[in-house]
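Based on these hints, arrange chain B on the given structure of chain A.
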Amino acid sequence: MAFSGFVVQRDVSFQVPTGDIFVIMGASGCGKSTLLKHMIGLVEPAAGDIRYDGKSFTGAAPQERAVMSRRFGVLFQSGALWSSMTLAENVSVPLSQYTKLKPVEIDELVSLKLALVGLGGFEDFYPSEISGGMRKRAGLARAIALDPDILFFDEPSAGLDPLSSRRLDDLILELRDSLGATVVIVSHELASIFAIANNSVFLDAESRTAIDGGDPKELRDHSPHVGVRDFLSRGEGQDSGS
Amino acid sequence: MTAAIRRDKAGKTSSGNGVELRTGDAGALTLRLCGHWRIGHGLAAIGDIEALLDREPHIRTVRAEDHGLESWDSSLVSYLLKVSDLCARRKLDFDTGDLPAGVPRLLTLARAVPVKADAARGGGADSLPVRIGRSVLEGWRGADQAISFLGEIVLGLGRMMSGRARFRGVDFLQALQDAGAASLPIVTIVSLLIGLTVAFVGAIQLRQFGADIYVANLVGLAMTREMAALMTAIVLSGRIGAAYAAQLGTMQGNEEIDALSTIGISPIDFLVLPRVLALALMMPLLFIYSCFLGIFGGYIVGVSMLGLSGSAYIIQTQNGVHMIHFWVGFSKSVVFGMLVAYAGALRGMQAGRSAQAVGVAATSAVVTSIVLIIVVDAIFAVMTNLLGI
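Line by line, the protein sequences give chains A and B. All the letters of the first sequence, read from the start, carry residue numbers 1 to 242 under this note's numbering. All the letters of the second sequence, read from the start, carry residue numbers 1 to 389 under this note's numbering.
This is chain A alone, in the form it adopts within the complex:
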């Protein structure tokens, strides 16, 4: 991954098994969100390939790519709701574009999705009229509109109070379990990493590569890299631990 000659990360390679909650970790500015943007095709990798089910995403023709990305649901950092549309309209856009459902049916599904994220009754609100946490949940409702196979989250709990963040984590877990989706999360919220992730990759800012991966709880205690253990224990664990 590189920006106009500046290499952000090199030789990053990992696999996300279906059904995992996979977290991309690392210090601020190490390229976590950039990696996510590569995975969803917003940024092209300088070298290398991204594959879904063994099929190359990077090398795919634009049309194939559009079909593949329809299986994605993406929740951006601040929700990225379209500000000129109500919540219901936001959620209904993917439905009306990619399904042949009738308007009544779309309304029904939209209400269902909003109810799933706990925003039942807020259909006619504009994004500017609700709080940050609600915007995030509405963004999630839009992300799951098409029942995606893979959900991408960019810092889902950033800027949320502990309780809202916890509720969002629970929601992510619940949706993963019930929809059977794979979840990829960019995060450096330790609490939520430990609560939901069962797999991870750790991007190191200094060596500019992925230095470790696996279950975050395992990594905290047994990673061969001091940097990873420090990150996962907020730099405190080593002294007070056993």
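Derived from the structure by calculation, the hints contain no laboratory data. These figures come from a predicted structure and were not determined experimentally. Any given hint might turn out to be false.
Unchecked claim - Straight-line C-alpha distance at most 20 Å; calculated SDA-like pairs for lysine to any residue:
id, chain 1, residue 1, chain 2, residue 2
1, B, LYS82, A, VAL104
2, B, LYS82, A, GLN15
3, B, LYS82, A, ALA88
4, A, LYS102, B, ALA143
Chain B alone, transformed into the frame defined by chain A:
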């Protein structure tokens, strides 16, 4: 297949969603679900369940059963949610039985947070008097805001005169460059073409009685008194006024303006004053430039198409255009500059906090400034006429 439920006695459908309604003996209705429940196949309606419940009022429980369910997504959840709502309305028991574990969990999740009834908007359109009243009140509020904003700018100017206003010199220089030097190309094109056009229009009439040379007077007067100030102001309202509104509107959205207020800096002093001053200073300069180019445009037409001699045209312009005409135009351009900056800054500061609001602010800034320019221009025309200049 469409939203209609395919009822297959065998209980299996090869494609599309399928449900079989079966009434048991113990007052129970069983929904046997099978096939692929995908959004792509449409949503199933519950009309037939309702009809069946109407026909057989002894049914006390509704049970959903997996009877060869191949795949499912939200369409199934949405269907079952409707069924369970129906059961709740009729006070029947609803049981999700042996459906895949995700389904009952999603149903629970969907009902975890009660629908906020008071959140829903009061629907229905308002009556005409209500709407008229509301728009009058809004207009009044807008006028109030506009006037107090004007007052704040004047107060800010007062602070600046006494050296207490805080803004960064570099911002002011940047605003000067944007409004002034960077506007030269477009002012050049517009003024030159206006000069040409006025000359052509005049020539058609003046030629009929051999007064071609008076094209010079016409162009000179039109440019200095009216067109140069008007056209530069209109061009700059699109170029600079809209930009001011967009900049300030974006800053409003990013809470940058709040950030300024919290550290005790008046946003008016810091953001609005440099812009208003820059435009008020640059507009007259652009006006002078525009006058020259307009007259040059007339000169081109006079010399190349009407066969006038170059020196005659220049002398005629010098004789025809008195300084008083120039000063009328000049003073207008100062006022126009302030108006454009004022309208841009006003709409920017009033902008709402969404991306869309920035666009609205920019558009509204241009509309406001053009209306203000035309109105003030008319006032100038009446006043100069009364004063006999």
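Are there hints from earlier that the structure breaks, and if so, what are their numbers? Failing hints, ascending: 2 and 4.
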